[in-house]
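Start from the sequences and build out the full structure, keeping to the hints where you can.
So the protein sequences, as listed, match chains A and B.
Take the first sequence: its letter number 343 is residue 343 in full-length UniProt numbering, and every next letter is one higher.
Take the second sequence: its letter number 3 is residue 3 in full-length UniProt numbering, and every next letter is one higher.
Warning: the hint list may mix true and false statements.
Said to hold, decoys possible - Straight-line distance between alpha carbons at most 30 Å, and here's what the computed DSSO-like set of lysine-lysine pairs gives:
| no. | chain 1 | residue 1 | chain 2 | residue 2 |
| --- | --- | --- | --- | --- |
| 1 | B | K269 | B | K167 |
| 2 | A | K133 | B | K478 |
| 3 | B | K478 | B | K49 |
| 4 | B | K269 | B | K412 |
| 5 | B | K167 | B | K303 |
| 6 | B | K327 | B | K252 |
| 7 | B | K412 | A | K133 |
| 8 | B | K276 | B | K309 |
| 9 | A | K330 | B | K451 |
| 10 | B | K269 | B | K333 |
| 11 | B | K269 | B | K303 |
| 12 | A | K133 | B | K252 |
| 13 | A | K330 | A | K133 |
| 14 | B | K451 | A | K133 |
| 15 | A | K133 | B | K167 |
As the list claims (entries may be wrong) - Coverage of chain B stretches by chain A, computed from C-beta distances (three or more under 8 Å per stretch; other residues unrestricted):
| no. | region |
| --- | --- |
| 16 | 223-232 |
| 17 | 359-366 |
None of these hints come from the bench; they were simulated from the model.
Model, not experiment: these values are computed from the prediction.
Idealized CB from N, CA, C, for every residue including glycine.
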Amino acid sequence: MRPETEGQLAEIVAGLSEPVRIVGGGTRGVAGRGAELSVVGLSGIELYEPGALTLVAKVGTPVADIEAALAVEGQRLAFEPMDHRGLLGTTGEPTIGGVVAANVSGPRRVQAGACRDFLLGVRYVDGLGQVIKNGGRVMKNVTGYDLVKLMAGSWGTLGVLTEVSLKVLPLAEDEETVLVAVDGAAQAVEAMSAALGSPFEVSGAAYDPDAGHVLLRIEGFAGSVAYRVEQLRGVVGGFGSVSMADDSAGLWRGIRDVTAFHGQDGDVWRISVKPSDAPRLAEQLGADGLLFDWGGGLIWARVLVGTDLRAKMGDVSGHMTLVRGTGQAKFQPEPAPVALISAQLRQRFDPRGFFNPGLMG
Amino acid sequence: MEMPTPNAAVLARKARLVERLQRVLPEDAVIHDEAETRAYECDALTAYKCPPMLAVLPASTQEVSDVLRICHEEGVPVVPRGSGTSLAGGALPTADSVILGVARMNDVLETDYANRIIRVQSGRTNLSVTGAVEEEDFFYAPDPSSQLACAIAGNVAMNSGGAHCLKYGVTTNNLLGVTMVMMDGTVVEIGGAHLDAGGLDLLGVICGSEGQLGVVTEATLRILRKPEGARPVLIAFDDNEIAGHCVSDIIKSGILPVAIEFMDTLCIKACENFSKAGYPDCHALLIVEVEGSEAEIDYQLGKIVEIAKRHNPVELRESQSADESAKIWLGRKSAFGAMGQMNDYMCLDGTIPVSSLPMVLRRIGELSEQYGLPVGNVFHAGDGNMHPLILFDANKPGDLELCEEFGAEILKLCVDAGGCLTGEHGVGVEKRDLMLHQYTAEDLEAQMAVKDVFDPAWLLNPAKVFPLSVTETRREAKIAAE
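This is how it looks when you write it as structure tokens:
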């Protein structure tokens with residue numbers, strides 16, 4: 001099934017008699033039963049106003065098309081969405097709908113916010129085939145309940161997105177990355193906390209244990225970058241020797257897409273925790289590979305296939321998502337009252353349970 | 001304002017309810033005397049008043065849970081209340097309701113600079129959150145104008161914004177977790193100190209739900225390190241349209257100011273008379289503020305001035321000192337007070353796409369002549385959030401109604417221009433009946449489905465957000481079930 005318009009999609013959904021698997025570019029590794037319902041036919045940028053920092057696009061629009069259109073006006077998707085293809089071994093063209101449905105946010109999340117923070121409005125088809133809109137295309141909007149946030153990261157289980165409107169931001173004129181040689185994760189998180197707690201607007205804070213260094217990104221106007229790099233070196237100089245990276249943009253693409261794990265065996269988990277809990281948790285995991293982003297708040301772990309990593313979480317609060325692998329539930333089981341709310345919401349938005357059934361619980 | 005008929009059966013249970021609540025709360029936390037409940041009859045939208053049946057002031061999550069469980073069992077509506085600063089009637093009681101005030105819950109539970117978070121009880125005021133972390137040079141970013149008085153509980157309920165949200169976002173972008181009590185008394189933890197949701201983003205829909213899904217008792221908030229400095233530039237134009245183009249060009253240039261404020265003739269004159277800020281005599285005034293080190297500020301202001309000059313401003317005033325900055329901001333910050341001194345006024349809160357600014361201002365001017373009521377415009381220009389202030393005379397019969405009709409026309413205009421009814425004040429009772437102009441019945445049904453899940457009996461903050469016409473069947477079903 002591959003509708004070309006929102007109307008066709010609504011008709012298809014209304015006429016469904018069995019579950020479907022909703023796909024955009026098919027790069028984010030959504031497995032599931034049912035026939036494929038592709039939204040790539042709904043494609044194209046509907047509106048782009050650089051002076052208002054807003055863009056509206058149909059969900060099947062390739063991310064690459066959107067980024068190219070933004071670049072012409074010196075703007076970008078500030079939440080820096082990851083490209084999952086290398087990590088998951090998928091092919092195809094990532095779409096903006098997939099980014100939103102999975103709330104995909106990259107290293108700049110620590111400073112600029114997540115995909116959901118840049119999502120201003122949605123249109124979607126609910127489980128009965130009704131077209132629903134929520135939010136709009138303006139930055140400040142508290143008119144009614146915020147279903148926009150609820151749809152972001154709902155992985156298609158609440159509705160089939162058809163159109164999204166996004167806040168965009170100016171491209172940085174310049175960027176530099178400060179490298180700090182550190183001795184272990186505990187020291188790395190301390191260095192990142194010091195950097196993120198400084199007034200110098202660090203827009204990326206990651207730790208690569210294999211390289212043994214922390215990466216701190218500064219972006220902005222050239223003069224401002226030079227000044228803040230100098231200040232930041234002072235802030236983190238006490239943690240270890242400091243140097244400048246040669247290829248800042250390339251390094252951060254690598255962090256964003258977790259290139260260190262590409263082509264490596266094992267399950268891949270994405271773990272979201274309070275940064276200061278990260279070093280202790282990382283030790284408990286017994287992972288074959290680790291990468292820390294978001295100042296330690298995001299851990300990528302590569303472990304033996306089939307490992308029940310959640311059993312090693314202990315008393316650390318946060319959650320784990322199985323990004324690559326099949327032996328465990330993809331999403332963290334929720335406490336009973338919260339799980340009940342989520343289940344009832346899915347039931348109300350998709351009463352027949354046809355959208356990506358079982359994916360989120 | 002039409003409100004549902006008070007439920008006589010609920011009113012008849014008052015004595016029993018008081019007795020049950022007194023068993024779980026200290027004596028002074030249950031307010032049932034009619035003279036005292038009057039203190040809760042309205043919020044900052046003072047045009048509408050209705051004393052509640054009673055008011056309670058719990059001091060802990062457990063006490064909130066006890067109160068809600070009892071009210072749930074008794075079938076009594078509950079209106080949560082932060083500091084009562086809502087401009088939309090978000091905390092307006094119904095005659096058969098219990099006001100649940102969180103004012104006694106104002107502790108800081110945890111400050112954690114390494115993880116850049118603070119956990120507070122929800123009755124704490126917005127400004128005192130910053131106050132708790134200022135000694136380490138941190139701050140809590142959302143800054144609604146009422147920040148001295150307004151509570152985090154209300155900020156979460158209304159997803160409050162502020163002048164600086166162009167750079168820092170609004171409440172939802174700075175809220176990481178809540179402890180919330182459901183209407184049946186169940187306590188849930190949503191989110192925490194980590195940055196994203198592990199399942200559905202329930203926090204995202206709780207924030208901005210106007211106290212209709214649960215009572216938030218604790219919140220985990222992001223705190224940020226203060227910038228090294230900030231300074232504004234004042235730019236005056238002879239024409240609204242040109243000022244609008246200037247805003248758009250600043251944004252397109254790659255600079256992200258922390259605030260871009262816009263004032264029109266009437267507001268400029270009122271502010272000048274009131275505060276003697278020394279504003280130039282002009283048609284449109286912009287205040288643009290940037291942050292950073294001294295050199296960074298100079299660089300950004302230099303670029304802004306260069307852009308502004310291309311639009312032939314009548315005056316440009318770049319602040320060189322803290323004193324000059326304070327003077328530039330003085331008028332803007334006293335805008336509402338200045339207008340209030342001139343007249344009674346009604347403050348609107350629609351948002352429009354920035355590109356529609358000239359058209360919308362022109363149309364508001366035409367409507368103003370048609371209705372015979374003057375309008376001043378103060379406006380967060382960077383994000384399109386308008387605050388038209390309609391002047392009227394509360395003592396003149398019919399003037400309030402005329403003003404409300406005019407206000408509704410302006411808000412519909414905002415929606416038709418591609419914007420929305422409310423950018424930061426919330427729907428409350430004030431804009432409830434305009435919701436069908438922005439959303440279809442199906443759109444509202446999707447939102448109400450969320451309410452059905454969290455609060456199946458529809459007891460929390462009744463008669464807000466949704467037009468009474470679309471909630472009728474749900475309210476009737478509730479009464480029939482009793």
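To see whether the hints hold, each was checked on the structure:
| no. | hint | in the structure |
| --- | --- | --- |
| 1 | B/K269 with B/K167 | holds (29 Å) |
| 2 | A/K133 with B/K478 | holds (28 Å) |
| 3 | B/K478 with B/K49 | holds (25 Å) |
| 4 | B/K269 with B/K412 | holds (27 Å) |
| 5 | B/K167 with B/K303 | holds (18 Å) |
| 6 | B/K327 with B/K252 | holds (28 Å) |
| 7 | B/K412 with A/K133 | holds (17 Å) |
| 8 | B/K276 with B/K309 | holds (26 Å) |
| 9 | A/K330 with B/K451 | holds (28 Å) |
| 10 | B/K269 with B/K333 | holds (14 Å) |
| 11 | B/K269 with B/K303 | holds (28 Å) |
| 12 | A/K133 with B/K252 | holds (28 Å) |
| 13 | A/K330 with A/K133 | holds (28 Å) |
| 14 | B/K451 with A/K133 | holds (17 Å) |
| 15 | A/K133 with B/K167 | holds (26 Å) |
| 16 | 223-232 | holds (count 4) |
| 17 | 359-366 | violated (count 0) |
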